[in-house]
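In terms of the UniProt record's numbering, the sequence shown is residues 1 to 216.
Derived from the structure by calculation, the hints contain no laboratory data.
Treat the hints loosely; a few may be bogus.
Straight-line distance between alpha carbons at most 20 Å, and here's what the computed PhoX-like set of lysine-lysine pairs gives [unchecked claim]:
#1 K201 to K115
#2 K181 to K197
#3 K181 to K125
#4 K201 to K181
Label pairs and their computed distance ranges (CB to CB) [stated by the list, open to error]:
#5 E124 to D23: 21 to 31 Å
#6 D172 to E208: 30 to 40 Å
#7 I25 to E100: 32 to 42 Å
#8 L192 to I121: 31 to 41 Å
#9 S79 to Q169: 19 to 29 Å
#10 I206 to R179: 18 to 28 Å
#11 F52 to N182: 17 to 27 Å
#12 N182 to K84: 28 to 38 Å
#13 L192 to H95: 39 to 49 Å
#14 S36 to L178: 36 to 46 Å
#15 H111 to K204: 34 to 44 Å
#16 Q169 to R194: 36 to 46 Å
#17 I60 to D172: 18 to 28 Å
Note that the structure is a prediction, hence the values are computed from the model and not measured.
Glycine residues also receive a C-beta, built at the ideal position from the N, C-alpha and C atoms.
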Amino acid sequence: MSRQKNISNYQLTSQYDILEWLDPIPLSRSIHNIESDFADGILIVEIIAYFFPEYVNFDIFHIARNMSQRAKNWRLLNSKILPKINLQVPGTIVHDIINEEHNSIATFLIHLREKIEEHIIQTEKQKFRLQWKTYRSLNSDNYHLPSIFLSSRPIDQASLTRNERLMNQYVDDYDNSLRRKNEEIEILRAKLKRCEKIIQKQDKQIQELQEKFKLK
1 MSRQKNISNY
11 QLTSQYDILE
21 WLDPIPLSRS
31 IHNIESDFAD
41 GILIVEIIAY
51 FFPEYVNFDI
61 FHIARNMSQR
71 AKNWRLLNSK
81 ILPKINLQVP
91 GTIVHDIINE
101 EHNSIATFLI
111 HLREKIEEHI
121 IQTEKQKFRL
131 QWKTYRSLNS
141 DNYHLPSIFL
151 SSRPIDQASL
161 TRNERLMNQY
171 VDDYDNSLRR
181 KNEEIEILRA
191 KLKRCEKIIQ
201 KQDKQIQELQ
211 EKFKLK
């Protein structure tokens, strides 16, 4: 009984964390029932557009008035948008979401949040490396400015070498920080999988008990 209570508390905490994460995002509709409000996929599109507007084309999505439209929206999500953040939703999960199965969308939103955070880190890292390459190219011996911009003062090579060493150290620190963040994400993902297995086992036990009572 205490285990069931702990699982229930975990589910409530996870859902609360997700709702808190969604709170600053300007969604087109208020969240009253998390299962039904997210079933057609429209709010998922809006969440991704909030973080990565260049990934989303709203014209291909429509508010679902039936199960067929819900399924179509999720097929488009799976083929057009989610792969851009390295996420793919299995057909069984999509089926559970569009049928408003309990905890299906909450579990998906946890994974979505992880992938969005990972993608933000990766894109920021790529931007930084691009800026660093630009900086190095501007200070390399192979780069020549027009004579009008050349100064009569000699280039301080020692200063350039010192700056490059500091930038390399910064890159190393950034990589180490990213590695630690990825390790934390992997630990959280493993914990989530264990909790999902416990929930599935408990659901199976509950179903078996319900069937026994029906037989009586």
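Consistency of the hints with the structure:
1. K201 to K115: Judged against 20 Å, a Cα distance of about 26 Å means the pair is violated.
2. K181 to K197: Roughly 25 Å separates the two Cα atoms, so the pair is violated.
3. K181 to K125: Given pair K181, K125 holds - Cα atoms ~13 Å apart, limit 20 Å.
4. K201 to K181: Roughly 30 Å between the alpha carbons, so the hint for K201 and K181 is violated.
5. E124 to D23: 21 to 31 Å: 23 Å, holds
6. D172 to E208: 30 to 40 Å: 55 Å, violated
7. I25 to E100: 32 to 42 Å: 21 Å, violated
8. L192 to I121: 31 to 41 Å: 19 Å, violated
9. S79 to Q169: 19 to 29 Å: 42 Å, violated
10. I206 to R179: 18 to 28 Å: Violated, at about 41 Å.
11. F52 to N182: 17 to 27 Å: 20 Å, holds
12. N182 to K84: 28 to 38 Å: Violated, at about 19 Å.
13. L192 to H95: 39 to 49 Å: Given range 39 to 49 Å: violated, Cβ gap about 20 Å.
14. S36 to L178: 36 to 46 Å: Since S36 and L178 have Cβ atoms about 38 Å apart, the given range 36 to 46 Å holds.
15. H111 to K204: 34 to 44 Å: The hint (34 to 44 Å, Cβ to Cβ) is violated, given that H111 and K204 are roughly 22 Å apart.
16. Q169 to R194: 36 to 46 Å: Between Q169 and R194, where Cβ atoms are some 38 Å apart, the hint holds.
17. I60 to D172: 18 to 28 Å: 43 Å, violated
Of the hints listed earlier, those the structure fails to meet are numbers 1, 2, 4, 6, 7, 8, 9, 10, 12, 13, 15 and 17, in rising order.
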